[in-house]
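Required output: the full structure, derived from the provided sequences and hints.
2 protein chains.
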Amino acid sequence: MLEEAAAELFLEQTYAGTTIGDIARRAGVSRNTFFNYFSAKSDLLWVDVDAGLAVLPATLADCDRAAPVTESVRQALLRVAAGFGPGRVPWALTQYELMATSSELEASALARFLVQVGLVHEYVGARPGQAALADLAGRAFSTAVVAAAVAAAREWAAAGVGRGELAGYVDVAISPVCAGFHPVLDRVQDS
Amino acid sequence: MLEEAAAELFLEQTYAGTTIGDIARRAGVSRNTFFNYFSAKSDLLWVDVDAGLAVLPATLADCDRAAPVTESVRQALLRVAAGFGPGRVPWALTQYELMATSSELEASALARFLVQVGLVHEYVGARPGQAALADLAGRAFSTAVVAAAVAAAREWAAAGVGRGELAGYVDVAISPVCAGFHPVLDRVQDS
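Keeping their order, the protein sequence lines are chains A and B. Residue 1 is where the first sequence starts when you use the UniProt record's numbering, and the numbers rise one by one after that. Residue 1 is where the second sequence starts when you use the UniProt record's numbering, and the numbers rise one by one after that.
By construction, these hints were calculated from the structure, which means they are not laboratory data. Because the structure is a prediction, the values reported are computed rather than measured. The C-beta atom is built at its ideal place from N, Cα and C for all residues, glycine as well. Hints may be right or wrong, so weigh each one.
Said to hold, decoys possible - Just so you have them, the derived chain A footprint on chain B, three or more residues with Cβ under 8 Å:
#1 75-83
#2 145-155
#3 161-173
Take a look at the structure:
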């Protein structure tokens, strides 16, 4: 309801020109009610993405711990991506120009990016036998693999109606990162 | 001069509590003069980083075009990193907490990140025999390799006075990314 009200207003008067008060009024609720659901106006752009990403911690926790850590992370990211089909392109990825949002959208994008990097890094560091890897290589892997997945999501969103499934794009983007870090991060387990 | 005035003021009254007018006044210049040198307050945090990154386009252009593209990018990023020794840690990386800047700092960080990704991606796409790679894999590589370099810079800045040279950190972080993408991006040249 708040999402629909926001969508209408952003299209009518741009993202920047729309206040939280405008959105609450259009939806017929109070500002306090808005803040029961969202912590910032930019959250509205990310509803779909945030819902999709929310499963990452549980997905990582479910991974086979006998597999190399790079492979576990790859599988977890592909499972998260599998939630996004060709008809479910999040608003933050497609409404970029239209809503004149770029600078605030970028800041809210980075905040989300850093959360996912932190989750992957925590997983890499917490794996049995991986404690010593909560270090530079683990941080570089976590950052690079999530960055590659984000690059894939942007290409996918830009690909138009024939885009197919997000997971295929993410696979092409992240598999080389995982392959490159496998000999570095999985040395402990292989020995 | 403007940098020194800003440094004093940010420490005295925080980044958020300091206006461009305050900085110009302390430095004894007009606001117009400020804007001759900087386009935003956040630019002041990035003076050292921006100066270091400014050499990336020329460094990429100078790379040996007979080498694999992933190796050329690796060499170029290491050459840029070589400009940062243990005593030259940019302000944006060290004054994070102190200046209470995080959200604006993150937005200005992302803008710089995307510029560097764009430069690397342009280089990858423009290499002879690489035209078909100005695509998903090229974009994923460019994003991941720059993200890994940024992760390295953060680890380096956090490492304290015994940190040594930035280039060593960047090498550990980006080499696996380059190794992972080598068979994907350099297939055209090898065949």
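- Item | Hint check, failures only | Of the numbered hints, just 1 does not hold.
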